[in-house]
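Add chain X to chain B, keeping to what the hints say.
The residues making up each chain are set out below.
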Amino acid sequence: MRKFVKENWIAMIPYVMFVIMVIVMGALNTNTLSLRYIANKSDAAFSLILVAAGQTLVLLTGGFDLSVGGVICITNCLAASRMQDSVGSMLLWAGICLAVGVGTGLFNGYVIERTKLQPFIVTLATQYVCYGIALFIMKVDGGNVPAAYINALLHRFGPLPLSMFLIVLLVAAWMIFKNTKPGLHIYAIGSSEGAARLNGISIMKTRLLAYGLSGAFAALAGLFRTAQVASGSPTAGADFVMISISAAVIGGTALSGGSGGMVGTVVGALVLRTIGDLLVFMKVSSYWSSLVQGVLLILAVAASSYGTLLKRRGGGAA
Amino acid sequence: MKAGSFVKKNFSVFMTFVIALLLLVFISVLRPGYANVNNLRVLSITASFLGLTAMGQMTAILTGGMDLSIPWMFTIAAFLTGNLTQGGNEKLFFAVPVILLVGVLMGAFNGIGIAYVGIAPVIMTMASNIIFQGLLVGITGGTPGGTAPQALKDFANGSLGGVSTMLLFWIAISVAFYVMIARSPYGRRLYAIGNNDTVALFSGINVKLMRTSAYMVCGFFAALAGILFSGRVSQLYLGMGDPYQMQSVSAVAIGGVSLLGGSGSYIGTVAGVLVLVMLDGVLSALGFAQSVQKIIYGVVLMLAVLLSSRKQKGRR
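Here the protein sequences line up with chains B and X, keeping their order. Following my numbering, the numbering of the first sequence begins with 1 at its first residue and continues without gaps. Following my numbering, the numbering of the second sequence begins with 1001 at its first residue and continues without gaps.
With the rest of the complex left out, here is chain B (with noise of 0.2 Å):
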């Protein structure tokens, strides 16, 4: 057990701070552990989950996503201004969002793997792109979402949230999937592309199945913003950009790629969607509530490179 916390301390990091955030939060207001809170707030941080569990599969690639934004803001205008009550037309339309998502990050797959392009400026091309497309489809915040499709989201099953079921079967899916062959190719083509090609890795599919996967992840975030809003904004993607990143990077997933997983960002996801409550919680008031964030971000990464670099320099090898 000591050789295990030894050795796996810096990936205990995300969890480690979540649980200690939420016994404080305990401490402060018992109304917090009670099921409908967590409910509720399994609800609201859902979106960011679903954004940051794609944005890990491109970081993996040691690639970068802006265009999540951009998608959000597509399947969430669509969303709330065209879809009807009946259950034809909110599948339909919800197909569309997906098929929307997965265009995109195909795009950005290919694009990426065919020019050579840096990851960051082909994302923040088709990132304008998206919005620019958002503001067609609606001009002004707004739109009207049939209530069957809210239910639906949201529904309890008892005390229990729909979208906690949704977030086990996120983690279990992930679970199977890094074993995987595509999977273990994302990671491969993220720790060494050179090795990866050689041993036989297409890399353009490898690319294209990450980017892809985080589109349609993105517009998923998009349909499920819809109705945990129920209303559409043409800039509703945009504060989903930087944070689905962070998430990622609190829960020990690497830019450099190659390294980290969909678990861990979950848990920076709670965190990041937590800190906002405790803070209320603790009576400071919300203009700080920035500068907070931002040091419980360098904090977290901090420790875990700094941990990479005495682990380093243990092992003796560069």
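Hints were generated in silico from the structure; no laboratory data involved. C-beta atoms are modelled at their ideal positions from N, C-alpha and C, and glycine is treated no differently. Among the hints, a few may not be true.
Which stretches of chain X does chain B cover? Using the computed rule of at least three CB atoms under 8 Å from a CB of chain B, they are [unchecked claim]: (1) 1114-1127; (2) 1136-1147; (3) 1183-1194; (4) 1294-1307.
Chain X in isolation, oriented as in the chain B frame:
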């Protein structure tokens, strides 16, 4: 060097200038009379501010990093200008050095986190950006505590012999920056650590210190631009620096500077700045809806970067 071979060697930079020029011609044809002295002066002022921030961004990018904290270093400098001078011209003499120092210190914070602690540049500067935001909003409550002095307003909006003073200032600073980047030992070391920091380390460069200094330079330019921008606007507001985050990265990338570090020229960055400003000018002159503007902006950004990186790929 013959003109022909010079153009050939710097083809991508040359093409970027051509794009900027074409955009200008494009405006003049579609909106005759738009390219008049007044509008060009406004465009030149816009370009100068973007140019100043792009210098800092380029320094960070040359080392293989990136500085996403420019927006709030910029805004803090602008707010400090208002607070420290309270509109008094003579107070600028002590306020400007103090604010520039604050900028350098904020940059040092980034640099230390990146070089000595080992945090990835994007994460470090993204975090410091919201830390700076929190500091400013927390301390001031979000309301500016003063206005910029008249002298600064005259400088930022005025012109000298028909040319805007900001443009002249940008050109003067550009010359100094060009010498620093392309002709001095400091510049050579920047390229060296961007290319390969292990090799740089073994050739006796203090890599960590150099990397930190690059972010300090970036903080300096962000603060400089912020001070001047406080004179440009009638009222200070939060988020005044926001556009410069991605625009500065875009300008540097369009100019053919590799985001991996270690290659690219300042002349290219100037061309990148001009392309972005002209593009903005064209889009607003044509009166497109916001949606169409954003779409065209994204497409042009991608094509411009593609064009300017083409030559590099061939050489590699």
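Numbered hints the structure breaks, given as an ascending list:
As far as the earlier hints go, only 3 is violated by this structure.
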